[in-house]
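Protein sequence lines, in the order shown, are assigned to chains C and D. Quick note: the first sequence uses the working numbering, first residue 1, plus one each step. Quick note: the second sequence uses the working numbering, first residue 1001, plus one each step.
Derived from the structure by calculation, the hints contain no laboratory data. This one's a predicted model, so the numbers in the text were calculated from it and none came from an experiment. Misleading hints may appear alongside valid ones.
Taking lysine-lysine pairs in the DSSO-like style, the calculated list, with each CA pair at most 30 Å apart, reads [what the hints assert, rightly or not]:
#1 K1257/D with K1547/D
#2 K1320/D with K1177/D
#3 K37/C with K1108/D
#4 K1108/D with K31/C
#5 K5/C with K1115/D
#6 K22/C with K1257/D
#7 K1137/D with K22/C
#8 K12/C with K1115/D
#9 K37/C with K1118/D
#10 K1060/D with K22/C
#11 K85/C with K1060/D
#12 K1115/D with K85/C
#13 K1575/D with K1547/D
#14 K12/C with K1060/D
#15 K37/C with K1121/D
#16 K1319/D with K1284/D
#17 K12/C with K1118/D
#18 K12/C with K1121/D
#19 K22/C with K1108/D
#20 K1118/D with K22/C
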Amino acid sequence: MEVAKQLTLINKEGLHARPAVKLVDTANRFKCEIIIKIEGREVNAKSMMSVLTLGAANGAVLNFVASGDDAQDAMSAIEALIAAKFDEE
Amino acid sequence: MEIRRGIPVSSGIIIRQAFVLDSEDYRIPRRFVTDKEIEGEVERFRQAVTSAESEINSLKQDVLRRAGTEVVPIFEAHMRMLLDRQMHDDVISQIRNSGFTAEYAVSKVFRTYTKNIKSVKDPFFAERVVDLFDIQKRLQRTLLGARREDLSHLSQEVVLVAHELTPSQVALLDRTKVLGITLDAGGRTSHTSIMARAMGIPCVVGLETISTDISGGQTVIIDGNRGIVIVEPDEPTLRKYQDAEGKYHDFSLSLLKYRHLSAKTTDGVKINLLANIEFPWEIKGAIENGAQGIGLYRTEFLFTENGGLSEDEHYRTYKKAMEEVDGRELVIRTLDLGADKFADPRSSDRPPEKNPFLGCRSIRLCLENPDVFKMQLRAILRASALGHNLKVMFPMISSLEELRQAKLILADTRESLDRDGIAYNKHMQIGVMIEIPSAAIIADMLAPEVDFFSIGTNDLIQYALAVDRGNERVAPLYKPAHPAILRLIDRIVKAGEKAGIKVAMCGEMSGDVVFTILLVGLGLQDLSTAPSVIPEIKQVIRSISAKEAKQIARRALKFQTSEEAVDYLIEKTRKILPEVY
Chain C
1 MEVAKQLTLI NKEGLHARPA VKLVDTANRF KCEIIIKIEG REVNAKSMMS
51 VLTLGAANGA VLNFVASGDD AQDAMSAIEA LIAAKFDEE
Chain D
1001 MEIRRGIPVS SGIIIRQAFV LDSEDYRIPR RFVTDKEIEG EVERFRQAVT
1051 SAESEINSLK QDVLRRAGTE VVPIFEAHMR MLLDRQMHDD VISQIRNSGF
1101 TAEYAVSKVF RTYTKNIKSV KDPFFAERVV DLFDIQKRLQ RTLLGARRED
1151 LSHLSQEVVL VAHELTPSQV ALLDRTKVLG ITLDAGGRTS HTSIMARAMG
1201 IPCVVGLETI STDISGGQTV IIDGNRGIVI VEPDEPTLRK YQDAEGKYHD
1251 FSLSLLKYRH LSAKTTDGVK INLLANIEFP WEIKGAIENG AQGIGLYRTE
1301 FLFTENGGLS EDEHYRTYKK AMEEVDGREL VIRTLDLGAD KFADPRSSDR
1351 PPEKNPFLGC RSIRLCLENP DVFKMQLRAI LRASALGHNL KVMFPMISSL
1401 EELRQAKLIL ADTRESLDRD GIAYNKHMQI GVMIEIPSAA IIADMLAPEV
1451 DFFSIGTNDL IQYALAVDRG NERVAPLYKP AHPAILRLID RIVKAGEKAG
1501 IKVAMCGEMS GDVVFTILLV GLGLQDLSTA PSVIPEIKQV IRSISAKEAK
1551 QIARRALKFQ TSEEAVDYLI EKTRKILPEV Y
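Same shape as in the complex, but just chain D (with noise of 0.2 Å):
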């Protein structure tokens, strides 16, 4: 039995025998196949090699078409390579000898191969090193390929082990079979995180080595609340988390019961719940469990979805979300792309930039490529016709030039469309996210030119405090409960109030149980979060008083470290719904 403990991402109990997804980018770990599967290993190593022999012919035969016959004898060596028979000698007899996987028995040789070529003095031998490292990414791309291939097509009930996962790799998981998940990367509020949350299967990362750690089939217990991966646990330990993954269920289909109850404090102050997405797909199960609407749909996928749709493309995908919120809230947020979400594909012939947190992402992106943000205004105004429940949201403001400069843009693309006759809201909300430090700090006089605020805890958090929340190193520095963040909430919401538009939460913040009663205490009235954890958000919520809730928020804005105020605020939540802990 092995415990390890890493960052819980998202909430849950589930033991189940491991699936593990390699990456050819990543040194692949020894693991080991049964007496039983040694013979369809071999099977795959060979198939592995004619598939690379078939890549490496057509790729010969469009290199000769472009580039001229100087190249084949390249190609020709690949090949001599590839069909070395001593080779496949030595693979499956590390296979059958040793009962390695076919990836790891691959790396093996290439490994012993690639270090006598290295030995070579001769510098044009110690190059030939290269071909060998191409060979060998060839084959294993085959091999884990095939892997990724079995992820889609599963025929039993998992836990999903891997060094890193996309946001879209996790998208697209089978959720009737992936239940629980465990990465080597990672950290709280990372867009895979989230992506995991949202999906509510109970996922724990920043376990650094566990990717290579485990070996497929060993059975592992994933504890999403308190961040604990368990390999191949012992009775006693695997019999007291069969008992809580129970109880943990029965917690999870309780909760379920205040769905069609409203979020209200017990002295009648309706805070309204709302949900986090990616895709409209996913606002049908945010409503069942309980969301009165969207408060924040990205839309970056729309962008990066075959290179970036067109306007229809994007009015027919919100038209759809409208259709799903049926009449109630969506929150639109324009365009938020850079830094540690997905590549521009527009930009990608710049060289990358030094600090792309601090660089031309979002609203900036925007404004310097205004035919873009036009194409998605126009869109996002032509699906407004369709309901007076369609708002608009700005991210990364950072000034008041830039939301007059977003809103100038804005007006324009209302009159191309007076001019093309087209129909729209002209009342449509518009709304800004808070989330850099200084526009916490002008909220004030942003406040007046816009109709609601949304915070965006995860940027505001990591610009406030200078923290990379993607850096394992700095990770623990990245605190919610910082004196620093709370004065800027609780300044945002002041703000918000005198001005007497609606301020909101849609950072991961307001998604974390432990800070329900602070926020509630601070004025906010929109929480926005991932909509797994609204049922839960809402029984805080029906558990308290907004005037009690207000004397815990004071008190917690007078701690002085971090640490003080989350253990404070644990108290108080656990003596309300004493399940979460």
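Isolated chain C, as found in the complex (with noise of 0.2 Å):
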């Protein structure tokens, strides 16, 4: 199974240290592949030191992809993440 989705980070800081070390920790919680893409490059959400590589700061656009059996479950899990600002502000 494929789920896409596309999400804008909306927290402060995009994806610093510790909102990343959310992100990467929630991601590996689930057996699916999940990728991110940006500004025609794609990452391992899964992969702390890709996701750094990203840039992402406030307002960035970020496109998941997740293929596997839990790729609902996954999807679901990191937009209610975002949409929480990580939990930090």
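Build the complex from these two chains, which are given one at a time in their own frames, with help from the hints.
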């Protein structure tokens, strides 16, 4: 199963260290493959080092693509995390 | 086959496989492992990750206790980066697919991530490069540390290849396994070179990039006589050198026959051949090589070991040295810290000196810290009660005032021992090192106030010629046979003769067989050298008359360039000891 969703970072910091940790941790809870596409590049959402290379700040638009059995659950979790501003503000 | 030329600092020829020691402070070179070693390399990487993980955890606990919870996210982020599966897969596939060492695979993968992060315009993300660097360094330290561990448990004989080694690293090498050394850095008179020579390990330095050009396991020839390093020699070269290796070994053995003969010229002038040492355990080997005593006992180690030893520990070390020399001469040089040597732990809170060679080092440091100086002098004086053969000398004296100040502190120390009722030799001989041009020029004024001179050529040359001996770009200007140097030495010896005191030389120049005839001819009575070169020097002395040496020295003083003087001296030396060249 493949699920794609476009999400906008609404928290102040964007994917700074603390939010990035939460995103990577969330992604790693699921078995499915999760890719983030931004401006023609794509990186592994489970990889901290790769997520940091996105340089995603406040307002960045990220295209998530999850593929695998639990793709739907993974996408819901990520969506909730981003909507909750990573529980930080 | 690749032939490289460097600076020969310790003679001998050796052919063995390379053991390469990288440093996390330098670029990790691209090295390969054999197919058989690939899985072991993957395992090394995994272990490095595990150990970095526990390092970060304990660091986190430690910082948490001291700084509170704000810093935790930093460690959380580091941990996610370290345990990043994608990064692990990248590194492992570099090892498996390209056969790279774990070190190189890590550095290559991190380079890619670093490049990507750096390309982000937002400064916050660009700064994460520092975190990447930190994690990489942690991994490399573990990987390289394990290699260093291997170095102390070598199972076969090797040639050690490194960017740089500290004198203490060399001192701790297993001499039965490390048969040769070659380094990117260094010059003939660096302390690492001196140490290699003292330990009799053939060594070529100043090769700039040798540590990145050689891979572990490659066959390397070190020709410490000519300063040549050959990587993966072809058959004819290998055969030629195997032959030479054997011959040199025989030559070294033949020299040992001279061990118990005295260093006397053919017309009966006796030269005192002494050894330079840093540790009392070196004395036994020096005497086995034919040293008649110790002309320079460097004591810096006692000040850097465990943040500096106590007076009693100094005393015990000197006592040990006195037992080892067993009645032979023992010249202890007081603290000569600073500049290119070890850092002074006591001044670590001060900003570094802009020009340490001209700074507060050596006797200046002692006069500035009389308590430290007195502590050492007390220990030396206490040891002087064990025999009249113990002498003391002050390094880096540049004026009469400094010498008098040092002697005053010595007198104070004597009084304190008198008060405490502790025995010492009231007639202990006191000498100065002549290693600053000003001291050489006023040698006639210094001579009446001391019992002996010891010429320290390394510093004398660098100060007189204004050449930093450790700077590869100007190292060729460091010329012991420069007419100015020869004149200074001549002047010092004459001042000593006039005052009736003994003149010794303990610098590198006294251990260079090219200059032996010259030094004997100039009238030096004591030559103190690295123990390993004593047999060679002795053979030269035994093969020439003092009269002839004097003529040669007078002639050498007339040359206008160092090159002419050296060529002339080599020609004269080759006649009596062709095996050296």
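Fill in: Hint numbers contradicted by this structure
Violated hint (a single one): 6; every other hint is consistent with the structure.
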